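Chains S, Z, H and C are the protein sequences, given in the same order.
When we follow our numbering, the leftmost residue of the first sequence carries the number 1, and every step to the right adds one.
When we follow our numbering, the leftmost residue of the second sequence carries the number 305, and every step to the right adds one.
When we follow our numbering, the leftmost residue of the third sequence carries the number 622, and every step to the right adds one.
When we follow our numbering, the leftmost residue of the fourth sequence carries the number 1160, and every step to the right adds one.
Note that these hints are calculated values from the structure, not bench results.
This one's a predicted model, so the numbers in the text were calculated from it and none came from an experiment.
Some hints could be false.
[Unchecked claim] Here's a subset of chain S near chain Z, in silico, CB distances under 8 Å, partners left out:
no.: 1; residue: T43
no.: 2; residue: L96
no.: 3; residue: I161
[Stated by the list, open to error] Okay, derived cross-link-like pairs now, DSS-like style, lysine-lysine, Cα gap no bigger than 30 Å in a straight line:
no.: 4; chain 1: H; residue 1: K989; chain 2: H; residue 2: K1007
no.: 5; chain 1: C; residue 1: K1200; chain 2: C; residue 2: K1380
no.: 6; chain 1: H; residue 1: K1007; chain 2: H; residue 2: K965
no.: 7; chain 1: C; residue 1: K1347; chain 2: Z; residue 2: K391
no.: 8; chain 1: C; residue 1: K1278; chain 2: Z; residue 2: K391
no.: 9; chain 1: C; residue 1: K1568; chain 2: C; residue 2: K1512
Think of the CB as a built atom: it goes at the ideal place given N, C-alpha and C, for glycine as much as any other residue.
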Amino acid sequence: MQILLAVIIGLALFFAIGLASRATLRGLAPAHLVPTFRDMPLTASFGLAVILIYVVVSVLAPVLAPFGESEVMGAQYLPWAAPYHLGTDKLGRDMLTRLIYGARNTVGIAFATTALAFVVGTVLGIWAALVGGWLDQTLSRIVDALMAIPALIFSLLLLTIFGTSVLSLILVIAAVDATRVYRLARSVAQGIVVMDYIEAARLRGEGMWRLIRREILPNAMAPLVAEFGLRFCFVFLAISALSFLGLGIKPPTADWGSMVRENATLITFGDVTPLLPAGAIALLTVAVNFVVDWQLHRASGLKE
Amino acid sequence: MNDIWRMIGQRLLFGLLTLFVISVVIFGATELLPGDLARELLGQSATEETLAALRDQLGLNDPAPLRYWNWLTAALQGDFGVSMATKRPIADLVGARLGNTLFLALYAAALSVPISLTLGVLAALWRNSIFDRASNALALTAISIPEFFVAYILVLFLAQSGLFPSMVRITGSTTFGDQLYMSFLPALTLTLVVTAHMMRMTRAAIINLLANPYIEMARLKGMSPLRVVLRHAVPNALAPIINVVALNLAYLITGVVVVEVVFVYPGLGQLMVDAVTNRDIAVVQAIALIFASAYVLLNLIADVLSTISNPRLMHRS
Amino acid sequence: MEKQPLLTIRGLRIEGRSGDAWHEIVKGVDLTLHKGEVLGLIGESGAGKSTIGLAAMGFARDGCRISGGSILFDGIDLRAVPEAERRALRGKRIAYVAQSAAASFNPAHKLIDQYCEGPVVHGVMPREKAEADAVELYRRMRLPNPEEIGFRYPHQVSGGQLQRAMTAMAMSCRPDLIIFDEPTTALDVTTQIEVLAAIRDIVRQFGTAAIYITHDLAVVAQMADRIKVLLRGDEVEEADTRSMLTAPREEYTRSLWAVRSFARAEQPPATGTPVVSVRGVTAGYGAVDVLKDVSFDIHARRTVAVVGESGSGKSTAARVITGLLVPRKGEVLFNGKALPPNFKARSRAELRQCQMIYQMADTALNPKLRLRELIGRPAEMYLGLKGKALESRIRDLLALIELEPDTYIDRLPGELSGGQKQRIGIARALAAEPQLIICDEVTSALDQIVQEGILKLLDRLQSELNLAYMFITHDLATVKAIADEVVVMQQGVVVERGPKTELFGRPHEAYTDLLLSSVPEMDPDWLNRLLASRGEHA
Amino acid sequence: MKNPMFSHEMTRRGLLKSGMAMTAAGLILPAGMAMAQTEPKKGGVFRAGIGHGSSTDGYDPGLWDNLYAQTFAAARHNQLIEVSADGALVPEIAESWESADGITWTFKIRQGVSFHSGKPVTADDAVASLNHHRGDASTSAAKPFFDAVTDIKVDGQSVVVTLSAANADFPYLMSDYHLPVMPGADGKIDPTSTDGCGGYVVDSYEPGVQATLNRNPNYWKSDRAHFDQIVLLSILDPAARLNALMTGEVDVIDQVDPATIGLLEARGVAKILSVSGNAHYVFTMDARAAPYNDNNVRLALKYAFDRQELVDKILAGHGSVANDNPIGPASRYYFAEMEAKTYDPDKAKFHLKQAGMDKLEVTLSAANAAFSGAVDAAVLMSEKAAAAGITITVDRVPDDGYFDNVWMKKPFCASYWGGRAVEDQMFTIAYQTGAAWNESFWSNAKFDTLLIAARSELDEAKRREMYQEMQQIVSFEGSTIIPMYNNYVMALANTVATPDKVANNWNLDGFRAVERWWFA
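All chains, please: the whole structure from these sequences, using the hints.
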């Protein structure tokens, strides 16, 4: 029964948020974008609203959070009651505060990591496709070899060697992710480099960097963006899995992946506490991909 | 067919090269890790004297390149050596666990591949329907929850009620049926983890094809939507589908250490993490190479199957 | 004519979605077709001919919807009946032959499997009988090896044969009506004739009614009993073929008929050092020589047309000149000086002198760049223009190609029509201020009226800017219109070359002859005469 | 997944002769719960889920380094001497032992005991077993025990050990889990053999996964080893261990996640066994390095956090507050009346001011490899210290390699001691100037003098006074923060019965749960 109730409430929220955000966007959008928003599916408007909320929460975390990020308020595992609306965690910190700051840290780190992975992977991938020959072979073989090493174990090795500062966490996950992006970027670019406009640009004598940046990249965006949506979410998972193995983001920084891990044993007793950060991740994943799907749908021109 | 054999030969050759590169990378990375086997075996309370004795016994005092060379020459002769920590032959150590790992991977694949392909095809068929959106959202939710957490939730609902065991205990006398029953939860966890990816890719691959003129032709021949998708779209979408299945199979073999830990499943992942922790390089190398070979072979198989499934590559005029 | 028409369309309205809005693309068209009758639908791109053809099957493409009117097929209201019933008609009583057989055959299945699918699924005949029937129809379509060809995959069969196999497939259920949607447009002229003949014969033999959709007047003249002219979703006029050809009523129809009138003024023979001189070039990919000892010259203010069918090596010749393909033997001289064979070794000045315009403007213009950058980039790169100078140069160029600068300068290629895109391609070439422009089939993807405009523009620019053109085409009409000199190529070899007047005037090589005679003419009897003269057909 | 530190050390100071019991560390049971006091029953398959164990574990006794290997060893082996549940040394394979001068020790080997293989246990076996840990070529972690041993020889049914100097504690060493009696041949043991004279015979073993052992039908202790079969499972994940217990896959688990103790008790499916001992959690400061070389800074840190909060939150109450005192409440000379340090930011500020600072910024390195909850403890300290103007930046370092890279390398880091009931040993190992494991590099002349004097002091009252003074010095001048003593927390299925006294020297009843416990 409770599950059914939860599903009904969830769906109601989905429609409410979706419709409200669509109406708002229509109201606020500049004139030429109004039709775009008018026909956007409910999933997309819901996704946009969720992303927007996350961004606002991230930016305004210190304002919104009732307490300090790692401020120990009282006893551990207090029930959901004011002033701790979502209770406290195992150190007696306010769960809601941790979640709010978690948005900032998690989303920030995930974004930085994914962005870095995409910059590196995309540039190398397109470069390989563009130049071809031995460069392509060499890069692709190296990437193949790296991909053949299980990502989690490879990250574990690298993090143990380089330490677990946020920077090395970002660099290591980005490096592992970049191999996947490289593969995608290369295969997409291979479809583009045979186009006449690339030939025209080469014949014009354009340099490599401009070919990549102006001629190929804009046309490779759609599949890359789709991949970005998924990869972005996989970063949370990677951090979470790493914290399972004793690495991950350093305390007392609040991040959702580690929060799931810290509180995970509670689920054994049916306590929903770890569901909060897990749900926050899942919601963002779904939201990001709803928007990505919508964008792809618009870009593909395949009207259904 | 000759082309295929040539491709297989070429890829196997590249595969060997890949394995070599990986063995160097893994060896180097393990070398870079602080501490060594002797230290790990003795614990932190060991005195320098004991450490020196153990290092000497284990041959850790040789320079790294020499140790790599010794390992490589032995490995090339098919001798992967003994675990430096336990003195057990690596073949024994790894053998049973490799079987377990493959069993779990195939089990999860047997569950997830049919489910995800069916869902993917249906989602493509009924694209933008409630079914499509709901399955998409559910799939995304499933992949955005950490594996260990999925496992805990499954245990909460399916093990605490006594339906399935919460951990896997495989002994010599375990029957196949028992093993299927005991491994159900880890297999289900992995299924939830990989299904979304395969399903989304299947759906995308098929929808990608629907704009093709031959699909319109099939519809104009009066074929039903299901037949259009199954008979006209799916055969042409096989290459990407096979590839994503191979990628996920590789993941099921190589990437499941977390699930192994949660279900106490004696697989290769846990063994490798242990070996890394203990700096037992011979074991790390052996498992890394097994994982890499699985990856290389699965990719090769995927490419061969994609080629076979594509008449343009199979029947050159 | 029977009293009860086979197909009656009244007030047909179809809407298409662009972006997020619906707009009408067929605006109330009527159409009547009797049993055994062939109706030609003609018009330029965007006229709605394909859309109407599909609507005759009760079908609308994704992103289109039938919004008004009635479609009555043999008494069945296709708009009213459920989808399942429409589906039962498709393939069985109304069949479709698509423009590109290569793309419309499923690459994963053998031809005969695709042939049999319709009859078997519709329950017309069992598989064995369908197979035997296929062989029979392949034979009637004059396909080589009719017993075996069905067991090949589409990619193993040539384009002309595929188009015939597709017609056979359409016939598999002996439909009452076939929609032919530009079935020969993608084919070479010599191949086109065979396909046209085969289609015409089989339609007559089975007494099948047909709607024949094309933009090529000469083709439709051979095939149709009646012709309906369409313009932007509206009917212009309809009449039987002969009266339509001889006495079109409407101004628009007359303009269609008149487009082949452009011809370039005759030029005196060129003298002096040619801009480009191709000397004994042998080149190819892998082990195959695509060009064999090819030589020709191009002079300033002259247009050299390189003619040949697909695979003749004419585009490869262009690639050798531009330096994309390094020849095995021979060289390319520019103003008498040898060019480095690889474009990467050429200086910017050398690159600048030789510009290229591509066949498919869609793929030749980066869809993500605005016209400002597309046109401005070469000017910026080669001439070092910046800021205001660059801006005014871009505007000049847009004006030169007859596009209003203020309107267009910030558009994306996707916001232009096909002809406009091709003009941008021209402007981009001009921006470099080159001496030679290579035009690779620049007009073949365009409607005839648009082609005319492009050719006129190129002609005007040549005299204004002192350009040399290398004009690659398979379309002899274009050659007649614009060339000064002609180079005829077949399988990598220059078969014949000389001034246009000379080449079209005197008796020539057998191959040139075949090419010339294969160009369809507006005369409804042209095909009959041609086939008779070749002794291929009664 | 490494073991807590110094697992090879013993917990109690022994006397020269066997059989003298000492004050024992108590067994603390949650209120309202009493252990069944029935007679032990035979039978059943006992399955234990242990939170350690690695696929690289081996049979070599010199290399046992985690709770799994140690429990597994205790199931199949006996030592010369056993430590009883109340902390006394009791005879095991050594029937008795004595020394006239503390230099020559004679251990009389019990007759009529045989190995699983059937071979009788002889003095030669005992000598071979001990010699495995001696000599330059030995790779045993127990090697340092034998530094002072000059000779080991057989004398009839006895083993005679000669030391270079008198050591009254030597019998304690012989109870160490590293030193099982194993069958010897040519004066050597086979370190890859599972053969022992313990209560269970190994049936199968998959390192890092599970071991199955059957009751040794010929076990010489008739009142021990009650189970027909025992299965030792390595379950590293705390949640998996809990689940295994709750779903009946195992009968006992160790290292219960403190966060879940309350929830587990509320379920009523298991009982919690919480055993207090002298084990303690530590944060060490490098006394040589600034700013920790100033005792005022050290004191400021000691007053800057809430010890009770750590006990409540890190141990969920299963432990007790420690006053920077490595000598636990179970010890003879425990200085209970010492002035307690409470959370007092003002006092911390005062000491900072004494050190000439108004604020302090330090980095505390911690990993859960040091002790479970070390990172959280560090975070809690950091939070509370802020009020005293002390900024503690918590540097969470990888578990992997913690004791190589961080411990005794970083100036301020987490550590753990298994606890010593023997005051002299605790102080000698970790607090005497220059001691190998003096992790804080602390040096105090007065302390060193007292330590040596106390060893030879025979007057009980004076001795107590001296040890209490040393505790005072360590607590208020030492460079080690000791916030709490932790309990061993296990959870048992309701069917499992234990003796009323459970040993506190090690996890799982001093590793002996498998032979001391039974199914009710």
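Hints the structure fails to honour: 2
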